[in-house]
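Asks: Residue 1 is where the sequence shown starts when you use the UniProt record's numbering, and the numbers rise one by one after that.
Simulated from the structure, these hints should not be mistaken for lab results. Watch out, some of these pointers could steer you wrong.
Capping the alpha-carbon separation at 30 Å, the derived lysine-lysine pairs in DSS-like fashion look like this [what the hints assert, rightly or not]: (1) K106 - K128; (2) K115 - K68; (3) K26 - K105; (4) K30 - K106; (5) K91 - K128; (6) K115 - K128; (7) K26 - K106; (8) K105 - K20; (9) K20 - K106; (10) K106 - K68; (11) K128 - K26; (12) K30 - K128; (13) K128 - K20; (14) K20 - K91; (15) K91 - K68; (16) K115 - K26; (17) K30 - K115; (18) K20 - K115; (19) K105 - K115; (20) K30 - K105; (21) K26 - K68; (22) K105 - K128; (23) K105 - K91; (24) K20 - K30; (25) K30 - K91.
Computed beta-carbon distance windows for the label pairs [said to hold, decoys possible]: (26) W17 - K68: 27 to 33 Å; (27) E75 - E132: 33 to 39 Å; (28) D120 - Q89: 31 to 37 Å; (29) R86 - P116: 16 to 22 Å; (30) R38 - R13: 21 to 27 Å.
Built from N, CA and C at the ideal position, the CB exists for glycine as well.
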Amino acid sequence: DEVFERGVINVFRGLSWNYKTNCPCKFGSKIIINNLVRWDRWGFHLITGQQADRLADLERMLHLFSGKPIPDNRENITIHLDDHIRSVQGKECYEDEMFSIRYFKKGSAHITFRKPELVDRLNDIIAKYYPETLSSV
């Protein structure tokens, strides 16, 4: 569990505070992350790397909280999102059970959590690692 908690903390610490949507104290119903996709003349592409890994970490934690089996690396959010991006060029929105993701040509992605009750559990992890953060909200 601690490994997954570290993943949640890394996502939180990696958020850009340049967006009003991203709260420096907690996860809201929506977050914005940079550099998840890139766009060129052939369309959108998922950027594999740190941001995609962070998204997979978030998904794992949400599955853990909801009592669902944790997806393995062959069936996680990044695989499904990449398949969606490749097969549905021209539609910049992806949805599954946990997330609604809208991605943009500048590379950012707006990620809306579809289960708000699980966001509270994510915030409990942030409070555990940064007790002064959520107490000020």
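Asks: The structure should be examined with respect to each hint, and the outcome stated for every one.
Replies: Status of each hint after checking the structure:
1. K106 - K128: Between K106 and K128 the Cα gap is close to 34 Å, so the pair fails against 30 Å, i.e. violated.
2. K115 - K68: Satisfied, since the Cα-Cα distance of roughly 13 Å is no more than 30 Å.
3. K26 - K105: holds, 27 Å
4. K30 - K106: This hinted pair holds, its Cα atoms lying about 18 Å apart.
5. K91 - K128: The hint is violated at about 38 Å.
6. K115 - K128: At roughly 21 Å apart (the allowed maximum being 30 Å), K128 and K115 satisfy the hint.
7. K26 - K106: The hint holds at about 25 Å.
8. K105 - K20: holds, 20 Å
9. K20 - K106: holds, 17 Å
10. K106 - K68: violated, 34 Å
11. K128 - K26: holds, 12 Å
12. K30 - K128: Measuring from Cα to Cα gives roughly 21 Å; hence the hint holds.
13. K128 - K20: holds, 24 Å
14. K20 - K91: Roughly 25 Å separates the two Cα atoms, so the pair holds.
15. K91 - K68: Given pair K91, K68 holds - Cα atoms ~29 Å apart, limit 30 Å.
16. K115 - K26: Holds, at about 16 Å.
17. K30 - K115: holds, 11 Å
18. K20 - K115: Holds, at roughly 21 Å.
19. K105 - K115: Holds - the C-alpha atoms of K115 and K105 are around 27 Å apart, at most 30 Å.
20. K30 - K105: Cα-Cα ~19 Å, so holds.
21. K26 - K68: holds, 24 Å
22. K105 - K128: violated, 36 Å
23. K105 - K91: holds, 12 Å
24. K20 - K30: The given pair, whose Cα atoms are some 11 Å apart, holds under the 30 Å limit.
25. K30 - K91: Within the cut-off at roughly 20 Å; holds.
26. W17 - K68: 27 to 33 Å: Given range 27 to 33 Å: holds, Cβ gap about 31 Å.
27. E75 - E132: 33 to 39 Å: The hinted range 33 to 39 Å holds for E75 and E132, with Cβ atoms some 38 Å apart.
28. D120 - Q89: 31 to 37 Å: holds, 36 Å
29. R86 - P116: 16 to 22 Å: violated, 30 Å
30. R38 - R13: 21 to 27 Å: holds, 23 Å
Hints 1, 5, 10, 22 and 29 from the list above are not met by this structure, while the remaining hints are.
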